[in-house]
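Residues per chain are reported as follows:
There are 2 protein chains.
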Amino acid sequence: MNLIILSKNDFIEDTGPVHIRDHRLEHIRDVNKSSVGDELRVGLVNGNIGCGRITSIEKDKIEMDVTLDREPPAPLQLTLMFSMVRPRVFKRVITQASAMGIKKIIVVNSYRVEKSFWKSPVLEEKNLNRYLITGLEQGQDTIVPKVLIRPLFKPFVEDELPDMIKDTMPFVAHPYASELCPYNVGRPVTLAVGPEGGFIPYEINKLIECGFNAVHMGERTLHVESAISGLIGRLM
Amino acid sequence: MNLIILSKNDFIEDTGPVHIRDHRLEHIRDVNKSSVGDELRVGLVNGNIGCGRITSIEKDKIEMDVTLDREPPAPLQLTLMFSMVRPRVFKRVITQASAMGIKKIIVVNSYRVEKSFWKSPVLEEKNLNRYLITGLEQGQDTIVPKVLIRPLFKPFVEDELPDMIKDTMPFVAHPYASELCPYNVGRPVTLAVGPEGGFIPYEINKLIECGFNAVHMGERTLHVESAISGLIGRLM
Numbered sequence: 001m002n003l004i005i006l007s008k009n010d011f012i013e014d015t016g017p018v019h020i021r022d023h024r025l026e027h028i029r030d031v032n033k034s035s036v037g038d039e040l041r042v043g044l045v046n047g048n049i050g051c052g053r054i055t056s057i058e059k060d061k062i063e064m065d066v067t068l069d070r071e072p073p074a075p076l077q078l079t080l081m082f083s084m085v086r087p088r089v090f091k092r093v094i095t096q097a098s099a100m101g102i103k104k105i106i107v108v109n110s111y112r113v114e115k116s117f118w119k120s121p122v123l124e125e126k127n128l129n130r131y132l133i134t135g136l137e138q139g140q141d142t143i144v145p146k147v148l149i150r151p152l153f154k155p156f157v158e159d160e161l162p163d164m165i166k167d168t169m170p171f172v173a174h175p176y177a178s179e180l181c182p183y184n185v186g187r188p189v190t191l192a193v194g195p196e197g198g199f200i201p202y203e204i205n206k207l208i209e210c211g212f213n214a215v216h217m218g219e220r221t222l223h224v225e226s227a228i229s230g231l232i233g234r235l236m
Numbered sequence: 001m002n003l004i005i006l007s008k009n010d011f012i013e014d015t016g017p018v019h020i021r022d023h024r025l026e027h028i029r030d031v032n033k034s035s036v037g038d039e040l041r042v043g044l045v046n047g048n049i050g051c052g053r054i055t056s057i058e059k060d061k062i063e064m065d066v067t068l069d070r071e072p073p074a075p076l077q078l079t080l081m082f083s084m085v086r087p088r089v090f091k092r093v094i095t096q097a098s099a100m101g102i103k104k105i106i107v108v109n110s111y112r113v114e115k116s117f118w119k120s121p122v123l124e125e126k127n128l129n130r131y132l133i134t135g136l137e138q139g140q141d142t143i144v145p146k147v148l149i150r151p152l153f154k155p156f157v158e159d160e161l162p163d164m165i166k167d168t169m170p171f172v173a174h175p176y177a178s179e180l181c182p183y184n185v186g187r188p189v190t191l192a193v194g195p196e197g198g199f200i201p202y203e204i205n206k207l208i209e210c211g212f213n214a215v216h217m218g219e220r221t222l223h224v225e226s227a228i229s230g231l232i233g234r235l236m
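If you're matching them up, the sequences are chains A and B in order.
The first sequence begins at 1 in our numbering and counts up one residue at a time.
The second sequence begins at 1 in our numbering and counts up one residue at a time.
Accuracy of the hints is not assured; some may be wrong.
[To be verified] In silico SDA-like cross-links for lysine to any residue, where the CA-CA straight-line distance does not exceed 20 Å:
| no. | chain 1 | residue 1 | chain 2 | residue 2 |
| --- | --- | --- | --- | --- |
| 1 | B | 103 | A | 30 |
| 2 | B | 146 | B | 87 |
| 3 | B | 126 | B | 23 |
| 4 | B | 115 | A | 196 |
| 5 | B | 104 | A | 30 |
| 6 | B | 33 | B | 57 |
| 7 | B | 33 | A | 113 |
| 8 | A | 115 | B | 33 |
| 9 | A | 8 | A | 24 |
| 10 | A | 166 | A | 77 |
| 11 | A | 33 | B | 114 |
| 12 | B | 33 | A | 33 |
| 13 | A | 91 | B | 88 |
| 14 | A | 33 | B | 116 |
| 15 | A | 166 | A | 106 |
I should point out that these hints are in silico values taken from the structure, not numbers from a laboratory.
Sequences are here, hints too, so could you generate the full structure?
Right, dumping it as structure tokens:
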């Protein structure tokens with residue numbers, strides 16, 4: 001937790017001080033081993049970042065005076081669309097995407113996605129929100145990404161996606177693409193990443209029809225998390 | 001497991017057939033759900049890649065005729081040096097590095113590394129080898145990376161590192177660097193990645209003295225795995 005994320009409810013009055021309970025209290029006390037007088041990086045959810053000075057530590061709450069005087073880092077100009085993955089991988093992908101500064105995430109279906117994944121509790125709003133916040137705590141950001149869940153591939157790609165990719169360069173990572181993924185494109189990007197074996201030909205063709213460029217990153221098959229961060233490191 | 005890795009011991013005679021037991025047997029039977037006649041991608045450890053045709057499936061072994069007629073993918077021209085991490089993260093980093101095609105990995109100390117990490121069984125040769133092979137199975141490669149374990153920072157950086165970085169561009173990822181990590185450098189690289197908070201100033205200075213360029217990838221603090229794959233996607 002590189003940034004303590006505060007919500008409006010943590011403020012005693014509108015301007016502070018704040019009272020921190022829950023897992024953040026445990027983290028500050030047991031992991032950071034902070035004491036009264038210490039200053040920690042804090043940020044208001046969807047708001048500014050700044051500094052929190054601990055004024056008291058009690059068993060069930062920590063009190064801080066906070067100053068929120070800096071804007072969070074600029075959003076990454078990239079929309080990530082990935083096919084649903086095994087729930088334990090999903091958590092890591094969502095958290096990582098949030099930590100990297102992505103503000104729009106779309107979870108889509110693909111023929112190769114196991115149907116049972118769509119029933120996983122990881123997709124419930126409360127859980128999703130927790131993974132996103134964990135990512136923001138990691139990346140030191142406050143702006144909660146928007147996540148769209150789209151379990152039907154065809155209507156999503158035909159009806160919604162064309163509008164979403166306007167004014168972006170749309171790429172789909174595809175192991176059998178002939179083109180290598182370009183570097184530093186200098187424009188907003190939409191990046192689509194399929195299951196490990198790739199989207200099936202029908203899906204790739206739908207995405208190409210929609211305007212996507214199919215690109216690859218070499219002969220090796222990478223885990224979805226490595227592929228996503230490698231592609232983003234290269235494109236942006 | 002995108003590639004079944006064979007060792008010399010799996011061959012009944014020098015040229016085959018092969019008998020597969022252990023976790024690969026379970027994978028082929030229970031995950032791939034393969035049958036007699038199916039062809040699977042196989043590779044000989046440190047050797048060629050090719051195809052294995054299943055000729056029989058028994059309870060305790062699978063027999064295959066194999067043809068190994070292709071070279072494995074070209075190695076990634078990058079040496080990865082990273083500071084020791086929490087054992088469960090270590091496993092993922094080593095496996096990912098192996099999957100990405102890195103052939104030389106150096107695990108170093110840093111002031112911010114918890115001493116207990118160095119005593120973890122993840123560093124034992126047998127375990128290390130298993131993570132490396134898992135990475136090769138993922139990335140579809142056969143050449144086992146070399147791993148150097150260097151729990152003393154100063155003597156390693158002073159005595160061994162200068163020779164190792166010859167003919168490479170050496171970069172160290174550093175959150176407070178002023179220079180952004182460059183793209184597609186077109187030359188062999190040595191990439192050093194410190195703990196999440198970065199190497200301490202003393203260590204960064206030692207690396208800079210040794211010839212490293214300190215670079216960053218933006219304001220956000222990423223997990224070591226995301227940072228490594230993002231930097232590699234960008235540099236290579």
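Taking the hints in turn, this is what the structure says about them:
{"no.": "1", "hint": "B/103 <-> A/30", "in the structure": "violated, 39 Å"}
{"no.": "2", "hint": "B/146 <-> B/87", "in the structure": "holds, 19 Å"}
{"no.": "3", "hint": "B/126 <-> B/23", "in the structure": "holds, 15 Å"}
{"no.": "4", "hint": "B/115 <-> A/196", "in the structure": "violated, 36 Å"}
{"no.": "5", "hint": "B/104 <-> A/30", "in the structure": "violated, 37 Å"}
{"no.": "6", "hint": "B/33 <-> B/57", "in the structure": "holds, 11 Å"}
{"no.": "7", "hint": "B/33 <-> A/113", "in the structure": "holds, 17 Å"}
{"no.": "8", "hint": "A/115 <-> B/33", "in the structure": "holds, 18 Å"}
{"no.": "9", "hint": "A/8 <-> A/24", "in the structure": "holds, 15 Å"}
{"no.": "10", "hint": "A/166 <-> A/77", "in the structure": "holds, 13 Å"}
{"no.": "11", "hint": "A/33 <-> B/114", "in the structure": "holds, 15 Å"}
{"no.": "12", "hint": "B/33 <-> A/33", "in the structure": "violated, 50 Å"}
{"no.": "13", "hint": "A/91 <-> B/88", "in the structure": "holds, 16 Å"}
{"no.": "14", "hint": "A/33 <-> B/116", "in the structure": "holds, 19 Å"}
{"no.": "15", "hint": "A/166 <-> A/106", "in the structure": "holds, 15 Å"}
In terms of the numbered hints stated before, the structure departs from hints 1, 4, 5 and 12, listed from lowest to highest.
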